[in-house]
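Q: Chains as they are written, first to last, in full-length UniProt numbering: chain A, 1 to 565; chain B, 1 to 565.
Please note that a few of the clues may not be correct.
The list makes no distinction among identical chains, and a pair is therefore deemed to hold if it is satisfied within one copy or across any two copies.
Listed next, the in silico BS3-like pairs over lysine-lysine satisfying Cα-Cα at most 27 Å (straight line) [to be verified]:
(1) Lys426 / Lys116
(2) Lys139 / Lys426
(3) Lys346 / Lys360
(4) Lys24 / Lys502
(5) Lys426 / Lys153
(6) Lys319 / Lys304
(7) Lys14 / Lys391
(8) Lys153 / Lys391
(9) Lys391 / Lys426
(10) Lys153 / Lys346
(11) Lys525 / Lys67
(12) Lys24 / Lys366
(13) Lys346 / Lys502
Just so you know, these hints were derived from the structure itself, not from any lab.
If you want the building blocks of each chain, they are given just below.
2 protein chains.
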Amino acid sequence: MAQSQTWQELVAEKKLRQQASIPKEWILTNLPSQSELNITEFPEACGLLSAKDIEITNTHVGGLLEKLASAQWSSMEVTTAFSKRAIIAHQLTNCLTEIFIDRALARASELDAHLKATGKVVGPLHGLPISLKDQISLKGIESTMGYVSWIGKYAERNAVLVDALEALGAVLYVKTNIPQTLMWPETFNHVFGRTVNPYNRSLTSGGSSGGEGALMALKGAPIGVGSDIGGSIRIPSAFCGTYGFRPSTGRVPYAGSVNSLEGQDSLPSVLGPLSNSIGGIKSFIQGVFSQSTWLRDPNVIRKKWDEDEYRLVEHGSGKKLCFAIIWNDGQVVPHPPIIRGLEIAKKALLAAGHKVIDWKPLNHTKINGTATAIFGAGSAMDFSTVIAETKEPYISSMALDQEDFFDEQPVTAAEISAYELWQVHKRKRDLRQEYLEYWLATASETGTGRPVDALISPVAAYTATPHGKNHSAHYTMIFNTLDYPALVIPVSKVDQVLDQKKPVHEFLSKEDQANYELYEPGSFKDAPISIQVVGRTHEDEAVIAMAEIVDAALKAQRSGLKHAL
Amino acid sequence: MAQSQTWQELVAEKKLRQQASIPKEWILTNLPSQSELNITEFPEACGLLSAKDIEITNTHVGGLLEKLASAQWSSMEVTTAFSKRAIIAHQLTNCLTEIFIDRALARASELDAHLKATGKVVGPLHGLPISLKDQISLKGIESTMGYVSWIGKYAERNAVLVDALEALGAVLYVKTNIPQTLMWPETFNHVFGRTVNPYNRSLTSGGSSGGEGALMALKGAPIGVGSDIGGSIRIPSAFCGTYGFRPSTGRVPYAGSVNSLEGQDSLPSVLGPLSNSIGGIKSFIQGVFSQSTWLRDPNVIRKKWDEDEYRLVEHGSGKKLCFAIIWNDGQVVPHPPIIRGLEIAKKALLAAGHKVIDWKPLNHTKINGTATAIFGAGSAMDFSTVIAETKEPYISSMALDQEDFFDEQPVTAAEISAYELWQVHKRKRDLRQEYLEYWLATASETGTGRPVDALISPVAAYTATPHGKNHSAHYTMIFNTLDYPALVIPVSKVDQVLDQKKPVHEFLSKEDQANYELYEPGSFKDAPISIQVVGRTHEDEAVIAMAEIVDAALKAQRSGLKHAL
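Generate the whole structure from the sequences, applying the supplied hints.
A: The structure is reproduced here in structure tokens:
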């Protein structure tokens with residue numbers, strides 16, 4: 001990087017390089033107009049995808065892995081199909097950052113040759129394309145993370161997760177967009193711009209793994225990797241109608257990825273998968289857990305995939321589970337479609353023979369307060385240090401008009417001393433202790449002899465919002481702070497008839513009033529509705545199993561409804 | 001606590017209460033004079049212990065558990081014997097803080113009745129007395145932790161570990177002495193005074209679990225619980241010639257115990273056992289791991305005792321292990337007895353058919369530097385906040401003349417901001433990553449096809465030092481910072497003939513020179529010599545198994561030597 005260049009010049013150069021990395025023959029000239037909001041049907045209609053490309057990209061992970069392992073489909077074919085669809089998605093939503101399809105096809109070709117020569121797959125994810133959030137480093141590829149200052153920062157080695165995924169047989173082909181600093185629940189930065197929601201481009205795709213969310217919704221990847229420090233996997237998953245899993249801390253290797261707030265160890269970001277099927281989530285997690293990554297990342301817990309936990313041995317083998325629904329967190333009442341999503345889930349679970357009770361949230365505001373204090377403890381210094389190098393402006397809002405507002409902004413979070421941080425940690429420790437005891441005490445209410453098996457919670461108090469309106473991550477950050485694994489499941493979509501605005505209720509807080517006022521069904525047209533299934537710390541395998549049960553109940557209910565029609 | 005009382009008055013009152021808690025008939029009038037340094041033979045000679053008391057207290061944990069489970073010995077008998085011997089130990093070394101033998105005997109009696117009535121033990125530690133470092137809370141008992149300000153602070157509930165130990169059948173009867181702040185490798189505070197080393201009372205028993213070390217050396221407990229943030233279990237174990245284990249973070253529950261530097265989560269203290277046999281260490285760990293304590297402490301990793309790890313499946317089933325010896329850490333050359341201890345271990349392991357190579361320490365000084373920076377980040381504020389209440393003086397040295405020097409001392413550690421702390425965390429993360437990669441790269445040198453299986457390291461650069469001379473914890477803190485489990489094994493004792501001072505070497509550092517100058521065999525008479533066996537993060541089960549192998553090799557060598565004589 002030449003020192004004399006302005007940040008705008010650096011961005012212009014980087015954008016040219018990005019454009020040049022797109023195969024020319026995949027550049028579309030028939031893109032829908034910006035006023036066309038829901039573009040989810042465009043990829044299959046645009047003419048770029050062959051019938052086989054469409055068949056491949058519509059196949060869930062389980063089917064893809066079977067066809068790849070049996071050489072019915074080559075990795076070249078599968079990688080090409082997803083690459084094409086990813087490039088279409090990018091042209092519709094601006095979801096990609098780094099694009100390295102040549103490299104991916106070379107790898108796919110090697111995998112095909114290996115299978116042909118040996119008759120054996122390299123690993124359980126043999127030949128499967130996987131997209132990566134921008135921060136996950138691949139040797140020789142930039143990890144700008146949307147910071148102008150990091151343009152030209154080519155990774156010197158792979159992240160540990162990249163090595164693990166390649167050992168499993170995966171093909172890596174694109175990286176996806178994020179917000180500046182990663183600490184926003186929407187996706188916009190000065191280098192790559194804004195990612196929009198494929199279901200309604202006037203809405204955000206969420207963040208910080210917003211590029212992944214948009215890509216997934218358009219089936220541009222069978223599995224993607226995001227990161228989640230306060231909801232950054234789950235919010236885009238929910239906003240874009242895909243599955244997404246925030247594992248417990250220390251089970252998926254983070255070493256070698258770049259990050260924001262590095263050294264902030266009190267409430268660590270975790271990597272985890274997004275996928276269009278729950279099977280994709282399981283394949284990813286089971287695969288990564290099999291790789292003994294604690295041998296390569298000292299922060300990974302030495303704990304293999306636990307099949308007993310997956311079989312729900314501690315949850316009555318999953319036969320009659322008791323779920324508890326968080327209807328609201330005591331601070332903000334969710335919008336009508338979110339409540340309807342919870343009701344759909346409740347009905348489906350009851351129909352499947354499970355028990356459903358209400359969850360009274362304990363200290364959610366206080367718990368989220370400790371998270372905010374921890375992130376704010378040094379974030380201003382962190383952000384300003386990074387952006388100082390090229391004087392790119394600090395982004396202080398995700399609103400659309402931000403893009404015209406490029407003056408340098410002060411970074412204003414309150415910094416505290418290490419001793420003061422320790423006091424926050426004490427509060428967090430005590431709140432986690434109380435929450436665990438509170439959960440376990442539900443054994444007297446469930447009728448199963450066990451405490452509540454899993455929580456069912458909104459992912460946010462709203463579906464995808466208009467740009468700049470996603471102001472809170474309280475329904476997700478709570479579970480980062482408690483370190484609970486949580487899996488997002490799509491349930492439905494905003495319905496202009498069913499999801500009418502409700503009469504005014506007694507507001508729980510100022511935020512609740514603002515949230516109530518934000519809602520008009522018309523502003524949230526076609527937005528996906530999702531829930532998250534939440535277990536206790538390190539119950540990752542059990543949460544996947546219980547989410548499968550919830551997902552199957554929802555599917556059975558939908559198919560029952562179809563039959564009834 | 002009356003606000004008007006001086007700290008000295010508060011201490012005087014507390015000491016009276018402590019004295020009153022000692023059964024009168026066990027107060028000895030025939031104590032050896034203070035000039036008698038090695039008092040390890042006094043307990044059995046003093047006349048207080050019956051022949052059966054002596055037999056019981058000389059029996060290792062495995063034998064005790066067998067006799068207790070089969071009702072050959074009652075818990076009343078066993079608890080009485082260890083209580084008597086603990087009270088003798090206390091009169092010789094000042095090792096106890098809280099004494100609650102009545103309560104213990106009531107519990108023992110209940111356990112005996114249960115066994116009689118049901119024919120079944122309560123758990124695998126049925127009837128076994130276990131001592132606790134002062135900070136581990138029992139409902140209704142003070143947890144002063146040696147702070148005058150905390151006199152009268154009666155615990156409102158049990159620590160999670162206490163509940164787990166009681167569920168396993170243990171009997172709790174005494175708590176043990178610690179230094180003010182816990183952050184010293186010796187043991188002295190204004191409330192309970194100084195604990196001395198039973199092998200040589202002019203030497204320190206080590207710290208911060210120094211009361212445990214002294215108690216163990218005099219066989220006043222079959223198992224004791226200490227805590228280790230920089231060596232606080234291992235240093236007293238080594239100085240007092242007993243076994244001691246620092247587990248990985250997050251495997252033994254800490255919740256509910258009081259602590260110093262609370263909220264300092266970067267480099268947490270861990271609880272772990274001391275015992276006079278390695279079997280005692282294993283019984284404790286296997287028992288605690290069986291208790292699913294993650295259901296009661298959110299910081300415990302959901303990871304059961306792993307029998308495969310204990311069987312050394314990843315270490316060639318333990319058949320031909322490769323150990324690497326740390327002869328010095330690149331900063332301070334250990335004293336002659338410590339080097340001799342390592343040589344003894346090397347010879348024993350070679351004779352047992354294992355391989356032994358030299359370990360070249362990587363960045364030990366830098367790694368320890370991150371630990372010091374972390375502790376110092378807020379310690380001054382932490383200590384001064386606690387002592388302010390009663391104006392007890394801050395202890396700024398462990399030297400004997402400290403006791404005459406009660407003026408208030410300033411607390412001088414450098415405090416840093418949360419952001420600066422994050423920068424230290426980044427260094428620590430990178431250093432841990434490098435160390436792991438360095439260790440794994442030894443696979444090319446071991447000849448076993450595996451990396452080095454375990455390290456053999458000094459526990460300190462010296463055996464127990466004269467009071468106030470234990471200035472560094474570098475040989476232990478390194479493994480806290482790396483979060484490696486480490487188990488201390490006694491090897492020998494300082495020998496006035498074999499452990500002559502060596503000729504001057506080229507000093508590695510100023511500390512090295514000071515350490516060289518400190519040594520004269522006469523000043524370290526009878527001090528135990530120990531080593532520690534170190535594995536990688538969460539290899540707790542494997543470290544216990546490998547330490548058993550080392551211990552057996554040492555015992556075989558000793559018995560071979562006896563045969564040869």
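Q: All the hints need checking, so say for each whether the structure fits it.
A: Right, here's what the structure says about each hint:
In this assembly of identical chains, the alpha carbons of Lys426 and Lys116 never lie at most 27 Å apart, being 57 Å within a copy and 45 Å across copies at closest. Taking the closest pair of Cα atoms, Lys139 and Lys426 come within 27 Å of each other only across two copies (21 Å); inside a single copy the shortest separation is 40 Å, beyond that limit. In this assembly of identical chains, Lys346 and Lys360 lie within 27 Å of each other by CA distance solely inside one copy; the values are 16 Å within and 60 Å between copies. For the identical chains of this complex, Lys24 and Lys502 are neighbours neither inside a copy (49 Å) nor across copies (76 Å), given an alpha-carbon limit of 27 Å.
When the C-alpha separation of Lys426 and Lys153 is checked against a cutoff of 27 Å, the pair qualifies only between copies, where the shortest distance is 19 Å, while the shortest distance within a copy is 38 Å. Proximity of Lys319 and Lys304 under a CA criterion of 27 Å is satisfied in both settings, with 25 Å inside one chain copy and 24 Å between copies. In this homomeric assembly, Lys14 and Lys391 come within 27 Å of each other (Cα to Cα) only inside a single copy, at 16 Å, whereas the closest approach across copies is 62 Å. Taking the shortest Cα distances, Lys153 and Lys391 sit within 27 Å of each other inside one copy (17 Å), while across copies they are farther apart (54 Å).
In the homo-oligomer, the alpha carbons of Lys391 and Lys426 lie at most 27 Å apart only across protomers (24 Å), although the nearest pairing inside one protomer, at 37 Å, exceeds that limit. Taking the closest pair of Cα atoms, Lys153 and Lys346 never come within 27 Å of each other, the shortest separation being 48 Å inside a single copy and 48 Å across copies. Within a single copy, Lys525 and Lys67 get their C-alpha atoms no closer than 37 Å, and across copies no closer than 74 Å, so neither meets the 27 Å cut-off. When the C-alpha separation of Lys24 and Lys366 is checked against a cutoff of 27 Å, the pair qualifies neither within a copy, at 52 Å, nor between copies, at 51 Å.
In this homomeric assembly, Lys346 and Lys502 come within 27 Å of each other (Cα to Cα) only inside a single copy, at 20 Å, whereas the closest approach across copies is 77 Å.
In this structure, the hints that do not hold are numbers 1, 4, 10, 11 and 12, in rising order.
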